[in-house]
Amino acid sequence: MSAFLRVAALVVRKDLTVEVRSLEVVSTTLFFAVTVVLIFAFGFVKEGVPMDGVAAAILWITVAFSGTLALGRTFERERQADTLRALMLAPADRPALYAGKLVGMLLLMALVELILVPLVGLLFQAPIFRAPFRLAGLLAAGTLGFAAIGTLFAAMLVRARSRDVLLPVLLYPMTVPVMIAGVRGTAALFQPQPDAGMAQFWFALLVFFDVVFVTLALWTFEPLMTD
Amino acid sequence: MSDFDTVTADGVGRHYGRRRALTNISFTARAGDIVGLLGHNGAGKSTLLSILGTLLAASTGVVRYGGMTSAVAGASLRARIGMLGHDLFLYPELSARENLVFFGRLYDMPDAARAADAALERAGLSARAGDLVSSFSRGMRQRVALERALLHGPRLLLLDEPFTGLDQASAAALVGRLREEQARGVVTVLATHDLDVVDGLLSEVVFLQGGKRVAAPASSGTLRDRYREAMHAS
Amino acid sequence: MTTAVKAQLGIAALMFAASPWVINAAPHEATMGLVYKIYFYHMPSAWMFMLGAIVAGVASARFLFAKRQASDATAVAAAELAVVFGLLALVTGPLWARKAWGVWWVWDARLTSSLMLFLIFVAYLLLRQFGGPGSEKLSAGLALFGMANVPFIYVSVNYWRTLHPKTSVVPTLPVEMGIPLWFCVTAFLLLFLALLSLRATLERHRARIDALYLSHDEA
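Protein chains in written order, with my numbering: chain E, 2 to 228; chain D, 190 to 423; chain H, 7 to 225.
Keep in mind the hints are simulated off the structure, nothing from the lab. Among the clues, some could well be false.
[What the hints assert, rightly or not] Pulled from the structure, derived: some chain D residues nowhere near chain E, Cβ distances all over 10 Å:
id, residue
1, T243
2, G256
3, R267
4, L279
5, E282
6, D356
7, A360
8, Q398
[What the hints assert, rightly or not] Some, not all, of what chain E presents toward chain H, calculated at C-beta under 8 Å:
id, residue
9, V159
10, R160
11, M175
For every residue, glycine included, the Cβ atom is placed at its ideal position computed from N, Cα and C.
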């Protein structure tokens, strides 16, 4: 177990060092996320007033879009000097490599969400400070579910042709439950009479989803990555 | 740690659907051997190296590492293999030293930092240890990449076109480095186009054409002559 | 084609030919009129769709973990059938909805979750088509994840829908309707099994031809 954590931590630290140096994925993803939110504004703001209950949907769709972009870039970088193969060649536990890449993705997406959530709150008048812990919980659980599947799919698609278009094609239908639970749970918090029970229900569903799919991903990573 | 002193390919083949990348390749390499894989582009050299490196499963046949196979030994076997691919296997955003330390730790080496420093010393790059790999010239990168593959003291060294883009001095240095490892009892398998450089270095030559091994010609000319003869004979 | 498959296909053909009379014999439903009888094709299609998804998921797991090459053929066959029967269910569903609720599409929980699962299997076929070499392994992972996702899709879509005023549920059928329904389910099941084994056999033949081609090439 300690070897698992050691390898995962090693990969996370390596990814962070690379990202801190180049800031490539963070800066492009962040800019992309802001653009997406603004484009939504043209659809959902009428005469200066945002339509009812759109903030939650915009927040989660933007998370999904920018998450896909970040996944694609992160694994493209591992493909460039074929370093993903170098990782697979190491005697390290392969699921630990997956766990490391997943944690790196989560940190990245958390950073983007840190900017994204206040932005949506500001532009669409969403009460983001009304239940900050519940909102953070929903975002954390939802992002984990999305990134768990996304990291596995992006890693396995590194070897495939048309990987850029296939990633969203495979990822979006698979993460429909995350989107529904995230949007509905967040909307329950944002509505004029917040419904804590409903948010709690969706949060529980997300946690259950996370448990199932993180387990499944750790379990299938090895057979999926060996050719 | 599981060790071995022979590597045997026994009827190794690999196909993708109907496309055959490699057909029925057999050879044996012992400790201290340097085996050259020679052939045109697309002859199956890289596929064979990937199979030897356990990155790719053979469709037919088996590779034996001493008494082990990759299906059984997995991770413990990978610990004894060093590979330098067609690409560098280095992170351009990290410094040379960071790359080496990272991989050393990934291979669970007790003192990865000291091993990395020693490797940089051997590559003659101690002065530039802290510089990003992306700022290096082709030859310098290649040297770091080779040291990365050798960092954990592998028994089997797999090199894919290690001489590409190297000037004469760098190529000669690389040959010297390979001879050192040879003396240590490393089994080396390398794919290359640079026939003049490796002439005299190789202890065995596997000529590949269209994924098949073609017979080595009986003549005893230079490697280049023998290569030409082998490729024309079939 | 084996005798068993021929027999299955023959019986299925006869049953489908007879099905209009059997369905016609089912009691008339007052509110829906004639259109409700589409249910006798819709329901079996939806069940075969689910069956296809489950078979594809299980076969993919066997292919991934037990490395059984033959299971891959079963998985493709089942995934293609899931798409075909899923499409049938998704076309017949709105026909029902038009009559029952007055609109083609009301985001009915079952139809919506079927649509989402359908998309996963379309993605499966896209990956196999465009993923290049090695994509059979990747698509096996996708099918396995798709199967694990079924309960999540169902629960999430269901709760998402019930947040809104409920339109209507599928009416429970009286017993006399059960017989024609089971008749149709049997016909669909026979057709499904026959197509599954035909398609899987075709896939195995293709693999054998590849192998023969390869060995000829070697000689």
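Okay, the hints, checked on the actual structure:
In this structure D/T243 is not separated from chain E by more than 10 Å, as the shortest Cβ-Cβ distance comes to only about 8 Å. Non-interface status of D/G256 relative to chain E is upheld: no Cβ of that chain comes within 10 Å, the nearest being about 18 Å off. Distance check on D/R267: its Cβ comes as close as 4 Å (rounded) to a Cβ of chain E, failing to clear the 10 Å threshold; non-interface status is violated. Look at D/L279: its CB is around 6 Å from the nearest CB on chain E, not clear of 10 Å, so calling it non-interface is violated.
A beta-carbon of chain E comes within 10 Å of the beta-carbon of D/E282; the shortest separation is about 4 Å. Against the 10 Å criterion, D/D356 stays outside the reach of chain E, whose nearest CB is about 21 Å from its own CB. Every beta carbon of chain E lies more than 10 Å from that of D/A360, the smallest distance being close to 21 Å; the non-interface claim holds. Its beta-carbon lying about 24 Å from the closest one in chain E, D/Q398 satisfies the requirement of being farther than 10 Å from that chain.
Interface restraint check for E/V159: the shortest CB-CB distance to chain H comes to about 10 Å, outside 8 Å, so the restraint is violated. Nearest Cβ of chain H to the Cβ of E/R160: about 6 Å, under the 8 Å cut. The hint holds. Below 8 Å, beta-carbon pairs count as interface contacts, and E/M175 has one with chain H at about 6 Å; its hint therefore holds.
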